[in-house]
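There are 2 protein chains.
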Amino acid sequence: MRVIVVGFGVVGQSFAKLLLSRSADLYSKYGIKPRIVACVDNDGSAVAPAGLDLQRLLDAKKTKGTVGAYERGGKFSPLQVIESVEAEVVLECTPTNLNDGEPGTSHIITAMRTGKHVISVNKGPLALAFPSLIELANYNGVMLRFSGTVGGGTPILEFAKRCLKGDRITSFKGILNGTTNYILSKMEEGLTYESALQDASKKGYAEANPSLDVDGFDAAAKLVIMANWVMGMKVTMKDVKRTGITKVTVTDVKKAAQRGNAIKLIAACDSRQLDVTPSEVAKTDPICVNGTLNAVTFSSEHSGQQTIIGRGAGGMETASAVLRDLIEIRDTTFS
Amino acid sequence: MRVIVVGFGVVGQSFAKLLLSRSADLYSKYGIKPRIVACVDNDGSAVAPAGLDLQRLLDAKKTKGTVGAYERGGKFSPLQVIESVEAEVVLECTPTNLNDGEPGTSHIITAMRTGKHVISVNKGPLALAFPSLIELANYNGVMLRFSGTVGGGTPILEFAKRCLKGDRITSFKGILNGTTNYILSKMEEGLTYESALQDASKKGYAEANPSLDVDGFDAAAKLVIMANWVMGMKVTMKDVKRTGITKVTVTDVKKAAQRGNAIKLIAACDSRQLDVTPSEVAKTDPICVNGTLNAVTFSSEHSGQQTIIGRGAGGMETASAVLRDLIEIRDTTFS
Chain H
0 MRVIVVGFGV
10 VGQSFAKLLL
20 SRSADLYSKY
30 GIKPRIVACV
40 DNDGSAVAPA
50 GLDLQRLLDA
60 KKTKGTVGAY
70 ERGGKFSPLQ
80 VIESVEAEVV
90 LECTPTNLND
100 GEPGTSHIIT
110 AMRTGKHVIS
120 VNKGPLALAF
130 PSLIELANYN
140 GVMLRFSGTV
150 GGGTPILEFA
160 KRCLKGDRIT
170 SFKGILNGTT
180 NYILSKMEEG
190 LTYESALQDA
200 SKKGYAEANP
210 SLDVDGFDAA
220 AKLVIMANWV
230 MGMKVTMKDV
240 KRTGITKVTV
250 TDVKKAAQRG
260 NAIKLIAACD
270 SRQLDVTPSE
280 VAKTDPICVN
290 GTLNAVTFSS
300 EHSGQQTIIG
310 RGAGGMETAS
320 AVLRDLIEIR
330 DTTFS
Chain Y
0 MRVIVVGFGV
10 VGQSFAKLLL
20 SRSADLYSKY
30 GIKPRIVACV
40 DNDGSAVAPA
50 GLDLQRLLDA
60 KKTKGTVGAY
70 ERGGKFSPLQ
80 VIESVEAEVV
90 LECTPTNLND
100 GEPGTSHIIT
110 AMRTGKHVIS
120 VNKGPLALAF
130 PSLIELANYN
140 GVMLRFSGTV
150 GGGTPILEFA
160 KRCLKGDRIT
170 SFKGILNGTT
180 NYILSKMEEG
190 LTYESALQDA
200 SKKGYAEANP
210 SLDVDGFDAA
220 AKLVIMANWV
230 MGMKVTMKDV
240 KRTGITKVTV
250 TDVKKAAQRG
260 NAIKLIAACD
270 SRQLDVTPSE
280 VAKTDPICVN
290 GTLNAVTFSS
300 EHSGQQTIIG
310 RGAGGMETAS
320 AVLRDLIEIR
330 DTTFS
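Line order of the protein sequences matches chains H and Y.
Residues 0 to 334 (numbering that gives the first Met the number 0) make up the first sequence, in order.
Residues 0 to 334 (numbering that gives the first Met the number 0) make up the second sequence, in order.
Please keep in mind that the hints were generated in silico from the structure rather than gathered at the bench.
Mixed in with the good hints there might be a few duds.
For chains that are exact copies, the list does not tell them apart, and a pair is met inside one copy or across any two.
[Unchecked claim] DMTMM-like cross-link-like pairs, simulated, lysine to aspartate or glutamate; straight-line CA separation at most 25 Å:
#, residue 1, residue 2
1, K253, D284
2, K74, E85
3, K164, E87
4, K16, E300
5, K74, E101
6, K28, E327
7, K74, D58
8, K254, D198
9, K28, E134
10, K246, E187
11, K233, D24
12, K164, D24
13, K28, D269
14, K32, E300
15, K28, E300
16, K160, E300
17, K202, E300
18, K28, D330
19, K254, D274
Produce the complete structure using the sequences and hints provided.
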């Protein structure tokens with residue numbers, strides 16, 4: 000399978016490393032031999048129809064800051080590469096933009112228009128336009144997959160879709176943002192909101208602009224993706240009632256603790272309503288996890304409640320989700 | 000699809016109820032129309048090639064104690080029914096016997112020999128002879144599925160097999176027996192082992208002979224099934240190093256609590272060794288669940304650690320696992 004990688008940050012590079020380390024294993028186990036035939040970042044592009052040398056691609060990025068430094072690299076734009084290079088799959092991993100979804104949305108649309116399947120780890124386009132992107136994928140007869148957008152390497156979307164087959168999920172709720180969960184966990188240990196946020200930044204968990212996390216945008220984006228995919232709703236970011244954690248005080252946290260509870264930023268969907276809001280959760284509830292962990296509880300009609308817990312981020316973890324998507328696309332379309 | 004139900008206890012009856020309540024939905028959503036064409040319990044049998052009337056079947060069992068009371072019911076034995084009635088699938092739900100696996104093993108072997116797929120919720124045959132049963136299924140070109148044997152309605156086996164596709168699970172550990180977990184949770188609240196066991200019996204969580212639970216046999220059986228299915232090991236009950244919870248004292252539990260830990264009956268597999276033994280687990284570990292919950296943490300090579308939590312038992316929950324198996328058999332063999 001020929002893959003075009005658009006955006007070459009942590010996830011893109013981890014995916015290249017994963018392919019490097021597992022090529023023999025992937026072929027023997029799944030009969031798949033993914034080749035990255037093009038890679039493009041902000042400053043340049045590298046194209047090789049027979050497959051890029053991934054070690055040299057990673058070296059170019061590391062030493063020169065752009066894949067354009069790859070031998071015979073060039074200055075093609077993402078859209079030019081997506082349109083003109085022959086490939087089966089486009090992997091979209093440019094940064095999430097929850098204002099207008101760009102440039103990810105244009106990349107995805109161009110890929111689908113030119114008959115390419117899309118794997119997105121970029122939440123923006125999906126959070127803002129899930130229903131229309133799925134429609135476009137169907138219209139063009141291609142697949143759109145996005146396992147890495149929710150839960151990092153934790154297969155939350157697959158779990159809901161595959162493992163509970165034959166049942167009907169009636170609602171779900173969860174901790175979908177590791178940064179805010181880290182901050183709230185630290186506040187439980189006694190830190191103020193401000194020092195907890197600082198600590199999270201120092202550890203690299205919080206972005207330069209923390210609003211995406213602490214105002215609940217990231218959790219809301221994931222909630223939207225899940226509501227569409229798991230519950231078949233047709234919703235976007237504007238349908239989410241969203242409250243962040245900036246107004247949670249140490250006193251709130253302490254009072255909750257006295258009741259045997261913890262305050263968590265809970266994203267919830269009950270098939271009618273989408274909410275992201277700080278909520279008290281019993282410490283004995285499986286969903287009540289600490290640190291940067293994510294957790295989701297699904298309620299289904301017949302098989303009860305199930306909770307799935309794992310790290311919600313990590314380059315290699317998310318790259319492994321991309322690989323799962325790739326295998327699924329192969330299994331669905333080439334068999 | 001025509002199904003023969005062997006054993007008509009809680010799970011068998013729940014499965015019949017599930018089909019009754021969902022027949023329209025199952026057909027519209029999955030294109031499957033399961034018909035129970037024969038049902039046999041200890042005292043009788045009911046056979047109807049066009050499909051039994053499930054409400055009358057349930058009524059016969061309820062009022063007369065046997066499906067033999069169904070109109071034109073008979074006295075055929077399970078083996079006679081399995082051999083002579085035409086069907087695609089045999090659902091084996093007689094009680095688990097971890098001594099010699101009977102009568103379940105004979106039922107399963109006869110079903111496969113006569114070309115029928117098997118869904119087993121009976122752990123005995125699988126715990127004692129997993130490798131040879133799988134071989135026999137392959138030899139006869141039929142499928143053997145057993146989602147309901149581990150985790151009740153919680154799709155632990157599917158999770159490992161499907162959701163982590165493309166990755167390699169290197170080890171797993173978990174709480175696989177709800178009864179012992181209930182007892183240990185109660186001991187944490189201050190009850191002695193004996194009163195906790197009594198409480199569990201009163202609530203219907205423990206069997207008349209509690210050895211299956213408290214000596215770790217049930218957890219070991221599930222561990223064997225998982226090790227074979229998830230890790231590709233070829234092991235049986237005798238490969239498990241097993242210690243029960245009968246020697247855990249309130250003092251042990253208290254000391255653990257002082258260290259921020261809890262004592263849990265942990266079943267663990269690291270691709271070389273199978274252990275069931277009471278172990279100290281940090282209370283902050285996602286696996287540290289209370290009451291009758293089950294929890295399993297999978298460690299995989301690339302996507303990190305993931306934990307799945309849910310009720311490990313329940314008639315309707317387990318019936319929903321049977322339904323998942325049925326849909327999988329249909330999807331695999333009829334497409």
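> Out of the numbered hints, which ones does the structure contradict?
Replying inline: The structure breaks none of the hints.
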